[in-house]
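K.L.:
These protein sequence lines are chains E and Z, in that order.
Going by this note's numbering, the first sequence opens with residue 1, and the numbers climb by one from there.
Going by this note's numbering, the second sequence opens with residue 1, and the numbers climb by one from there.
Among the clues, some could well be false.
Distance condition first, Cα-Cα at most 30 angstroms in a straight line; then the derived DSBU-like pairs of lysine-lysine [said to hold, decoys possible]:
(1) E:146 / Z:14
(2) E:207 / Z:185
(3) Z:212 / Z:129
(4) Z:106 / Z:14
(5) Z:35 / Z:14
(6) Z:21 / Z:35
(7) Z:35 / Z:13
(8) E:147 / Z:129
(9) E:146 / E:7
(10) E:147 / E:23
(11) E:218 / E:194
(12) Z:13 / Z:106
(13) E:146 / Z:207
(14) Z:35 / Z:207
(15) Z:106 / Z:21
(16) Z:7 / Z:35
(17) Z:212 / E:194
(18) E:147 / Z:106
Because the hints were derived from the structure by calculation, they are not lab data.
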Amino acid sequence: MSRLQRKLALNEFVITAEIAPPKGVEVAPSIAQAKNLADLADLAAINVTDNQGANMRMSPLAFSGILCQAGIEPILQLTCRDRNRLALQSDLLGASALGIENLLLLSGDHASFGDHPEARSVFDLDSVQLLQTVTGLMQGVDMAGKKLSSPPLFFVGAAVSPEAEPFELMFQKYRKKIDCGAQFFQTQAVFDAKRFAGFMQEASLLKVPVLAGVLLLKSAGMARFLNANIPGVKVPEALVERLDQSNNPLAEGVAIAREMVAVSRDCCQGVHLMTLGHEHLIPEILSV
Amino acid sequence: MIISRQKNQDELKKSLIGLSKVFLVGCGACATVCKSGGEEEVFQMQEWLATQSVEVTGSVVVDEACHIMRAGRDLRQNRESVDEADGILVLACGSGIQSIAISSEKRVVGGIDSLFLGNVRRIGQYEEKCSLCGECILNETAGICPVTTCAKGLLNGPCGGMADGHCEIDQGIDCAWHLIYERLKNQGRPGVFARPVAPKNWSRKQKPGRLKVER
Chain E
1 MSRLQRKLAL NEFVITAEIA PPKGVEVAPS IAQAKNLADL ADLAAINVTD NQGANMRMSP
61 LAFSGILCQA GIEPILQLTC RDRNRLALQS DLLGASALGI ENLLLLSGDH ASFGDHPEAR
121 SVFDLDSVQL LQTVTGLMQG VDMAGKKLSS PPLFFVGAAV SPEAEPFELM FQKYRKKIDC
181 GAQFFQTQAV FDAKRFAGFM QEASLLKVPV LAGVLLLKSA GMARFLNANI PGVKVPEALV
241 ERLDQSNNPL AEGVAIAREM VAVSRDCCQG VHLMTLGHEH LIPEILSV
Chain Z
1 MIISRQKNQD ELKKSLIGLS KVFLVGCGAC ATVCKSGGEE EVFQMQEWLA TQSVEVTGSV
61 VVDEACHIMR AGRDLRQNRE SVDEADGILV LACGSGIQSI AISSEKRVVG GIDSLFLGNV
121 RRIGQYEEKC SLCGECILNE TAGICPVTTC AKGLLNGPCG GMADGHCEID QGIDCAWHLI
181 YERLKNQGRP GVFARPVAPK NWSRKQKPGR LKVER
């Protein structure tokens, strides 16, 4: 059982953060960054992003394996954008063999957002079907119905955008993901406490742990950039205003993140922190 | 119909390097409607080629350039002008260009890019609704195809990028899953939302596609 799964089973308030694999082959600085991150707070695990925003970097499978060797527990993010069903399944078997226990299964941002907009996106499976596939592999059968010599064991995560509208449309997919094997969720960055609490009211009935995505806003400009360019992220105007008015926008951003963490402590099982280069502020964000 | 667009002139100039005389072929079907290879465009192309010092030995607008036999017949009927040319410039979709290539040993230059199988909203405005995937699920998705009209071709609902019913790649485009959801809701049917949709059987889409109808 992974540490993440164990902590959630013990009802601990769980903290995760994320790291992008290096853009190159030298891994030492990224391992140091991950270690530093793990030391900053009692992190349950660190997400390793998969060509995030469709920008090409080292394979998250390789880097997650390297983190395992370094004694750091990863959550391997795997998207459907860049791999067909053969590649996904073989990567999953490889992941298990490398000692990777946690997964976050995603559709993936569209290739047009990234640094290879001319790429052909795959999407042979969607995230729901990938969840089904992993469930099958864990039961010892691949998508073709063929038996595995030995099945992998994973703690399987999925993503949700709690603030997406219409609510019922977003929620039916959330339910489908649970039906297809999601054992925990990490959410898209949430900023609207009321809406998130409303989501959790419905979500908690399904009894699958949810880690709220908390993104550190560094400035009003950044908030506006996110609103304009990052799919699924919506910073409410009131928060943009707060950052705009502040003499110290970064401190204001930390305060906003801290408020979101406080809301999460009340209504969900943990937080997933996205601090984008300001990892040293994590203890401050988590301080009660 | 096949929606197509003429290549830009720079690209066309590069493709024509080495040719001083061409025979010009248009198509009376889709390329005519798209204004990329009808009578009018063939005429305009002829005028432009003159400015590029490329002589046009003759031209024909084939009824349907994708029809291999008819394309061949039309070339034969213009044999003299075709023989006189160094190459054939075709203003038809990729199928049409290849019908001509099958029918002649001459160098063939395609003058248009084929974009998609499109519905006509009005003349000059085309939309892709079907991507010929080989396994139609429209009966469960309220007559709206997510394989084609969802930017990611997802089969189990919207991605995390949907914002207020719009698509993450373009806020000017409706999220296909939002449209499906609204339509099924209005019809009082769960449709595709009632169950997880299994992965698509892409072997149903033959590549290359072939079909021989038994008579």
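K.L.:
Each of the hints needs a verdict: does it hold here or not?
P.N.:
Checked hints:
no.: 1; hint: E:146 / Z:14; in the structure: violated (52 angstroms)
no.: 2; hint: E:207 / Z:185; in the structure: holds (27 angstroms)
no.: 3; hint: Z:212 / Z:129; in the structure: holds (25 angstroms)
no.: 4; hint: Z:106 / Z:14; in the structure: holds (18 angstroms)
no.: 5; hint: Z:35 / Z:14; in the structure: holds (22 angstroms)
no.: 6; hint: Z:21 / Z:35; in the structure: holds (24 angstroms)
no.: 7; hint: Z:35 / Z:13; in the structure: holds (20 angstroms)
no.: 8; hint: E:147 / Z:129; in the structure: violated (39 angstroms)
no.: 9; hint: E:146 / E:7; in the structure: violated (34 angstroms)
no.: 10; hint: E:147 / E:23; in the structure: violated (37 angstroms)
no.: 11; hint: E:218 / E:194; in the structure: holds (22 angstroms)
no.: 12; hint: Z:13 / Z:106; in the structure: holds (18 angstroms)
no.: 13; hint: E:146 / Z:207; in the structure: holds (25 angstroms)
no.: 14; hint: Z:35 / Z:207; in the structure: holds (29 angstroms)
no.: 15; hint: Z:106 / Z:21; in the structure: holds (12 angstroms)
no.: 16; hint: Z:7 / Z:35; in the structure: holds (12 angstroms)
no.: 17; hint: Z:212 / E:194; in the structure: violated (60 angstroms)
no.: 18; hint: E:147 / Z:106; in the structure: violated (54 angstroms)
Taken one by one, the earlier hints fail for this structure at numbers 1, 8, 9, 10, 17, 18, listed in ascending order.
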